[in-house]
Amino acid sequence: MTAKIPILKMGDYLLISIQVDMHDQLALDLQEDLTEQIVRHSAKGVLIDISALEIVDSFIGRTLSHIASVARILDAKVIVVGMQPAVAITLVELGLSLDGIATALNVEKGMAWLQRNVNEGLRVEAERDDDRDAAAETGD
Amino acid sequence: MTVTVLAELLQQNETALLDRWIAVQRAAGIDPNRLDDRSITDNARDLLHALVRAISEGGDDIEHPQWRPVKQLLERLSHVHSQQGFPPTETATFVLSLKEPLFRLIQKSDGNTIELLWACTRLFDQLGLFTMQAYMASREQVIREQQESMLELSTPVVQLWKGVLAVPLIGSLDSNRTQVVMEALLQKIVDTESDIAIIDITGVPTVDTMVAQHLLKTITAAKLMGAKCIISGIRPQIAATIVHLGVELGDVVTKASLADAFQLALRELNVRLVANRLGA
Chain A
1 MTAKIPILKM
11 GDYLLISIQV
21 DMHDQLALDL
31 QEDLTEQIVR
41 HSAKGVLIDI
51 SALEIVDSFI
61 GRTLSHIASV
71 ARILDAKVIV
81 VGMQPAVAIT
91 LVELGLSLDG
101 IATALNVEKG
111 MAWLQRNVNE
121 GLRVEAERDD
131 DRDAAAETGD
Chain B
1 MTVTVLAELL
11 QQNETALLDR
21 WIAVQRAAGI
31 DPNRLDDRSI
41 TDNARDLLHA
51 LVRAISEGGD
61 DIEHPQWRPV
71 KQLLERLSHV
81 HSQQGFPPTE
91 TATFVLSLKE
101 PLFRLIQKSD
111 GNTIELLWAC
121 TRLFDQLGLF
131 TMQAYMASRE
141 QVIREQQESM
151 LELSTPVVQL
161 WKGVLAVPLI
171 GSLDSNRTQV
181 VMEALLQKIV
191 DTESDIAIID
201 ITGVPTVDTM
211 VAQHLLKTIT
221 AAKLMGAKCI
231 ISGIRPQIAA
241 TIVHLGVELG
251 DVVTKASLAD
261 AFQLALRELN
271 VRLVANRLGA
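Sequence order for the protein chains is A and B.
With full-length UniProt numbering, the residue at position 131 of the first sequence is 131, and numbering never jumps.
With full-length UniProt numbering, the residue at position 84 of the second sequence is 84, and numbering never jumps.
Hints listed in this document are in silico derivations from the structure and should not be mistaken for laboratory results.
Don't take every hint at face value.
[Stated by the list, open to error] Straight-line distance between alpha carbons at most 30 Å, and here's what the computed DSBU-like set of lysine-lysine pairs gives:
(1) B:Lys71 with A:Lys109
(2) B:Lys108 with B:Lys71
(3) B:Lys228 with A:Lys44
(4) B:Lys188 with B:Lys255
(5) A:Lys77 with B:Lys228
(6) B:Lys162 with A:Lys109
Remember, predicted model here, so these are calculated numbers, not experimental data.
Given only the sequences and the hints, what does the whole structure look like? Please build it.
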């Protein structure tokens, strides 16, 4: 199997849509690829669409959580969208609650979340600048 | 040996036996509203025919393949009886009432009467038991079906607002039911693309560790799918129990009443309800 899961760049975000059954090597490849791509494009957000994924095992679950942790260290926010009920139940039964990964019901909501959160970060920075200016002014 | 004699006896006196059998069944007081004369006659004739053939070909072992038609007939009859709400006695009476006319017949015949009677009794007792078994099986099936439909009925997932679902849980929760609730809720979340699900447990009398565990699992699963859960209607005793049991609810949001939970849900969705002031 040489097939890889495509990673699409869209503005500051990377989009990944998993349309095939995940097997272990594929998951590891994805993890490696994604880290590379985040660094290359200095992406601010990653959206992983798993709505077509019907079967997960503990390895895939753990890899997802790894991907999220690695992305966080690289300063990108990760959101997993479109998880099927059966997949959610399986992950819970396996004891993997994917703590620290944001989730959304579909790509649309996931994208909105990314925009909101990434922009919020920028806004906070902008506000801080304003604060500093204001402080400088009052200081004068 | 006795079996062949019995088969011959039945074959020769079929008509007389049938008449007498029907008379006995009537005398046994089967409600004429439930079973009219024609169906009594039809059932009796069919069974007697099948019986004669089974005894002459398959002997007195009702496990023999030749007895299958008789069994099928009895099974069908028991099924119909249980569906129509016949009492079990009437169902059993149908088969057992053939004993009397048959015994009279045996008495009149010559030969080893006792042997014949014994063979006969054994056979009909077996048939009677088989009938009851079939009757019970049908009954149990009805009960099972009702249980299943109740399980489905008892777990409605309702939409309160665009993006807000509610599950009013009523009655005691067991693992089976919680499982059904969990699946129904998660599926509905996908179908309606709801962001918030309110689990209302006002109607739940007790919560034990298992139930709490299941609820937490449901909430985690919903969270994985991107929806948020709010638990509402926890009664004082249940709150005490949960704390006493040491169940960690973690960061699960709880509200006192469904109304509070709904309000919170609307706030999360950035919806504001404004009262319509008529005078203004």
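Are Lys228 (chain B) and Lys44 (chain A) close enough, with their CA atoms no more than 30 Å apart?
-> holds (25 Å)
Given the hinted pair Lys71 (chain B) and Lys109 (chain A), is their alpha-carbon gap at most 30 Å?
-> violated (62 Å)
Given the hinted pair Lys188 (chain B) and Lys255 (chain B), is their alpha-carbon gap at most 30 Å?
-> Within the cut-off at roughly 22 Å; holds.
Distance restraint between Lys162 (chain B) and Lys109 (chain A), which requires alpha-carbon spacing of 30 Å or less = With Cα atoms ~14 Å apart, Lys162 (chain B) and Lys109 (chain A) stay inside 30 Å; holds.
Are the Cα positions of Lys108 (chain B) and Lys71 (chain B) separated by 30 Å at most?
-> holds (29 Å)
Pair hint Lys77 (chain A) and Lys228 (chain B), alpha-carbon separation not exceeding 30 Å | holds (19 Å)
Checked against the numbered hints given earlier, this structure breaks only hint 1.
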